[in-house]
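Chemist: Sequence:
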Amino acid sequence: MKNIFNGPRVYLSVPQPEDFDEISDWYADGDFVRKMDTSIARPLSGEDLERTYRNLDRDTEIYLHVRTIAEDRLIGFVTLYNIEWQNQLAQLALAIGDPDDRGQGYGTEALNLMLNYGFNELNLFKVCLDVIATNQAAIAVYQNSGFEFEGTNRLAVKRDGHRIDLHHMALFAENFQPRINLK
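Numbering-wise (our numbering), the sequence shown opens with residue 12 and increments by one.
Among these hints, one or two may not hold up.
Unchecked claim - DSS-like, lysine-lysine: derived pairs with alpha carbons at most 27 Å apart:
#1 Lys-137 - Lys-46
#2 Lys-46 - Lys-169
#3 Lys-137 - Lys-13
If you are wondering where the hints come from, they were derived from the structure by calculation, not from laboratory data. All values reported here derive from a predicted model rather than from experimental measurement.
Please take these sequences and the hints and turn them into a complete structure.
Modeler: Structure follows, in structure tokens:
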């Protein structure tokens, strides 16, 4: 039987307590935080992040870490949240922490592992996400994985005195075509 959490170069894992100190380094990078989320950028300690993880609603959120297979190195996280089981819907968030690990295909692989899990294990019908319009790298990854634009919350995000659109994107289970070799 195949391991649905393993891809060719990364795997999805349960967070370990020692992971959160490393993730807190990512949150000290204002560019990382400002591209990932629409809320204010602020550093978070490992303790803050671990406390947040411990307090997740396990019925409506699945949060996993992304690790490289070769070095067993933490490189990101991916989550399905606001899961509406009755409607078979979920929101998705994905982040690759270190800038040197971005643009290497790790995000695409982690995204496709989580989508495969969501559609084929959790029986989701649709996965949605929000992405800031200036985050072109993320938009390209999402489009490459089959996500389509569903709408735009115009001028919803304020960054450096400028207003930026927030795009809503979605992928239906019937349109999911894995972009990686699922083992």
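Chemist: Take the hints in turn and mark each one as holding or not.
Modeler: Hint by hint, here is what the structure shows:
1. Lys-137 - Lys-46: holds, 23 Å
2. Lys-46 - Lys-169: holds, 12 Å
3. Lys-137 - Lys-13: At roughly 24 Å apart (the allowed maximum being 27 Å), Lys-13 and Lys-137 satisfy the hint.
Comparing the model with each earlier hint shows no violations; every hint is respected.
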